[in-house]
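K.L.:
What follows is the residue order along each chain.
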Amino acid sequence: MDNLQILLDAPIFSVQLLIDGLLVGAIFALVAYGMALVWGVMNIINICQGEYVMLGGFITYLLFSWGISPFVGIPVAFVVLYLVGWLTYRVVICRVVEQDLFISILATFGISILLQQLMNQLFTADVQTAEAGLGTAFLFNNMVTVPWVKVVGFVLALSVGVVLVLFMGRSRMGQAIRATAQNARAARIMGIDTDRVYAVTYSINAAICGAAGALVVMTWVVQAFQGLAYTVRSFMIVVVAGIGNLPGVVVAGLGLGAAESYAGFLLGAEFQTAFIFSLLVVILLWRNYRLRAQRKVLR
Amino acid sequence: MKVILRYTLIAIAALAAPLLFPEYQIQLAWLWLMVVFALTWDAVGGQMGYNSFGNVFYFGLGMYVTAVVQRDLYYDFEEYETLAGSLDTLPPADYLTGMSLGLAASAVCAVLCAIVLGSGILRLRGHYFAICTLGLGIAAGEIAAGIDYIGAGSGLVTPVFPDGLGEKGLFFCYLLLALAAVTFLVLRWLYTSRFGLAINAIRDDEDKAEAMGLHTTRYKTIAWCVSGFFLAIAGGIMGDLIGFIDPVDTAFAGATFGVWMVLMAILGGKGTLWGPVIGATIFHVTQEIFWTFLFGWQRVALGALIVIIVVFFPQGVMGFARARWPDRFGHRVESVADEGATQ
Amino acid sequence: MSLLQVKDCSKSFGGVLANDHISLEVPEGQIIGLIGPNGSGKTTLFNSVVGYHPVDAGTIEFKGQEISHLQVPQIARLGLLRTFQQTRIYGKMTCVQNMQISVPHASERLAEMFTSFPAEVQEKADAILEFVGLYSKRRLLAGDLSFGQQKLLEFGMALMNQPRMLLLDEPTAGINPTLINGIIDRLKRANAEFGITLLVIEHNMRVIMNLAEHIYCLAHGKLLADGAPDVIRNDQRVIDAYLGAH
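Chains as they are written, first to last, in our numbering: chain L, 23 to 321; chain S, 76 to 418; chain G, 5 to 250.
Simulated from the structure, these hints should not be mistaken for laboratory data.
We treat Cβ as the ideally placed atom computed from N, Cα and C, and that holds for glycine.
You may find that some hints are simply not true.
What the hints assert, rightly or not - Mimicking EDC-like on lysine to aspartate or glutamate, the simulated pairs with C-alpha atoms at most 16 Å apart in a straight line are: (1) S:Lys-243 <-> S:Glu-98; (2) G:Lys-96 <-> G:Glu-124; (3) G:Lys-96 <-> S:Asp-321; (4) G:Lys-96 <-> S:Asp-280; (5) G:Lys-128 <-> G:Glu-29; (6) G:Lys-226 <-> G:Asp-60.
To be verified - Listed below are several chain G residues computed to face chain S (Cβ distance under 10 Å; list not exhaustive): (7) Gly-43; (8) His-57; (9) Ala-61; (10) Gly-62; (11) Arg-86; (12) Ile-93; (13) Met-97; (14) His-109; (15) Ala-146; (16) Phe-198.
Said to hold, decoys possible - Distance windows between CB atoms, simulated: (17) L:Pro-269 <-> S:Leu-369: 29 to 37 Å; (18) L:Cys-116 <-> G:Arg-193: 24 to 32 Å; (19) L:Leu-180 <-> S:Asp-282: 19 to 27 Å; (20) G:Gln-78 <-> S:Phe-368: 53 to 61 Å; (21) S:Trp-372 <-> L:Leu-180: 38 to 46 Å; (22) L:Glu-292 <-> G:Lys-11: 54 to 62 Å; (23) S:Asp-238 <-> L:Ser-36: 55 to 63 Å; (24) L:Pro-269 <-> G:Thr-182: 27 to 35 Å; (25) L:Arg-317 <-> G:Arg-193: 32 to 40 Å; (26) S:Ser-194 <-> G:Gln-69: 37 to 45 Å; (27) G:Gln-90 <-> L:Leu-188: 36 to 44 Å; (28) S:Gly-318 <-> L:Glu-292: 19 to 27 Å; (29) G:Pro-181 <-> L:Asp-122: 30 to 38 Å.
Kindly produce the complete structure, drawing on both the sequences and the hints.
P.N.:
Encoded structure:
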């Protein structure tokens, strides 16, 4: 915690950490929104959420290694992961969707392990990145550096989010999704093909993660085993914000990004992952403690 | 009578196997470890309904505690770090003393942790419990990777197995067999007592159990303590067998051991006594086959296997057997007309 | 002597005032009824009494002791039990096991947790199973019973727990009309022979008029009227509340 002294002595570092955190937080919020969507509509906690992000990252990395700009990776990863999501739904998810929540957690955990190990075999466990070539902004007398790609990533993440919200609010499929989320049986009776709704929801989620993954590999790195951390981040954000609460998801996502940024600086980079998983435990215990005071239980 | 005969046959087979197939001694040792994994998971998961992804926490804890006790009893810890590997091996008596004290310490630490952590974590329900324990297991590994006293990211070397105690493989095989047997018998005793019914009631409807005045907190905590107790001892033993402890891959191996525990219990049939044993055996054999024929891709195959079992075979072997032959495997489906019953 | 005394209890959920300054009293050894149209706050009152959620205002006393701040298992161990509207039993355990685990837990010592149940418990379980008419089904899994049989099992489990007082939430709901008399009979016997005080929520007027010595009627979260069955039956306000004449 010696770094704490640095922060107190030179507040400008705080600004750096804050900006870094908020910029990456938008991507966290986007992935969390996808998880909340699947959770709210299908009552499935998608443990392979982070692996979809990782896949999107690797697709973009591949394009980059073939000389294509990583920005092209965003739509490509979106489409490819949409198909991956659809396939996964048809083969696995449709069979666990109306069962015990634990079965779906275990099934998606299995998919998560499968994908991690698959990418490990194909790409090794090395860390990769894709240069977007946008240069860096220097602020506050060169004390704060902001790579332009991170700003672009932030804007794109929020844009995808806005498009999604419009889709959910204005389109027929969006309506069908919201109806199914509220009462699947009623939706079916009214003629909505809930199976198709589930497939679309799950695929959209995978696609969102893919696009987010493209942003991640540009602004940061991709690595075969980075997935679980993203899953846990999304889960924390959804738990704190609540499933229907979109503004909450955005705020929680940005907040988590900032918190991680500070934690990485204060505790050291080697404890970054430890921080994320410890925070998960703390958040769940704290929420439960608060609910118990009202004699409710975190279900 | 049949029960005693069955157990005796199994005991004889288990004791003879490493002698008859010496090249498989280490594999057998791992088999007994898998049995302990599956049984301890099932006690909390299948029998009590608290599906944990973090039981590996106790395994890793036990591994480190035993190793540290063994090291600190006879060496200076900094000297150990620099000279690890080229230190003289301990005399057998010292090795055994260190291991025994280490295992005892591991067990005590595990029980204390179960009580302390359980006071918070066991109040979570269902999937929140599952994911919280997942976080616990992984966080522990990442934090351990940052503590120099236990070797940090470079890991910790355990004392070398000394000469004079026989074959290393045989020693550990029997040690783990003993642990597996004790675990099995203790759980068998618990399941047939009031404790067993209580944890089943908690699984079937915890709110109802509370509304009937059951001391659910007590039972949940004790179940986790029992689970942790045996896992910690298993961890301590495995630390010595493997020889090298990596915080994330060996000790707090959430993505491997942590998940396998769950899978084995489900494969064999969760909530039954023999289910985890059967599941562990099938899983271990399958894993060995995967390793031999799919090396490199065996982890990918395991991921696929998890999905297949969970989606297509969630009732497991025992569940399947009970559905197919209910009378042989424990449940009546017809009423019993008894004399003396009035309506 | 009042076994249960609810004084001025209020509870709201969000903007809805489910219980508005309700007071009622259950003397020991009696059978008291609680009626009212759907949404009048009966189950909310039950939930408050057994500790399922805290009350916003008011006190609840059981055996002279304030219990509104206690947790559900603590209240249950004092001898105040409830049955559920959606019958709750332990589905994957046999009926006998359901009964055995329902023994009173207030005086359970640590060592007792690990022993098997003594023979008296087995005998008592069998006796109660016979009392509720489930003796021949005792080895079946509780989850395999029909709904009505599960209700009887739940009742049996409650008796096994030797409560001082039992709160029954619609004990005849969903039961075949020909079996209802059997239930009324068993409830009366539980009260007379085992000395269990009963507070019963019921919609079936015939049942509650037959069973209860004193009836409280709730409507829109408030206590509308209370009195002997004949008084209540003829009370215009009660009739209006059920028929919705306002």
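K.L.:
Now look at each hint and say whether the structure bears it out.
P.N.:
Results for each hint:
no.	hint	result
1	S:Lys-243 <-> S:Glu-98	holds, 12 Å
2	G:Lys-96 <-> G:Glu-124	violated, 24 Å
3	G:Lys-96 <-> S:Asp-321	violated, 41 Å
4	G:Lys-96 <-> S:Asp-280	holds, 10 Å
5	G:Lys-128 <-> G:Glu-29	violated, 31 Å
6	G:Lys-226 <-> G:Asp-60	holds, 15 Å
7	Gly-43	violated, 23 Å
8	His-57	violated, 13 Å
9	Ala-61	violated, 24 Å
10	Gly-62	violated, 22 Å
11	Arg-86	holds, 6 Å
12	Ile-93	holds, 7 Å
13	Met-97	holds, 5 Å
14	His-109	holds, 4 Å
15	Ala-146	holds, 8 Å
16	Phe-198	violated, 16 Å
17	L:Pro-269 <-> S:Leu-369: 29 to 37 Å	violated, 48 Å
18	L:Cys-116 <-> G:Arg-193: 24 to 32 Å	violated, 52 Å
19	L:Leu-180 <-> S:Asp-282: 19 to 27 Å	violated, 42 Å
20	G:Gln-78 <-> S:Phe-368: 53 to 61 Å	holds, 58 Å
21	S:Trp-372 <-> L:Leu-180: 38 to 46 Å	holds, 40 Å
22	L:Glu-292 <-> G:Lys-11: 54 to 62 Å	holds, 60 Å
23	S:Asp-238 <-> L:Ser-36: 55 to 63 Å	holds, 60 Å
24	L:Pro-269 <-> G:Thr-182: 27 to 35 Å	violated, 57 Å
25	L:Arg-317 <-> G:Arg-193: 32 to 40 Å	holds, 35 Å
26	S:Ser-194 <-> G:Gln-69: 37 to 45 Å	violated, 26 Å
27	G:Gln-90 <-> L:Leu-188: 36 to 44 Å	holds, 41 Å
28	S:Gly-318 <-> L:Glu-292: 19 to 27 Å	holds, 24 Å
29	G:Pro-181 <-> L:Asp-122: 30 to 38 Å	holds, 36 Å
Of the numbered hints given earlier, the model fails hints 2, 3, 5, 7, 8, 9, 10, 16, 17, 18, 19, 24, 26; all others are met.
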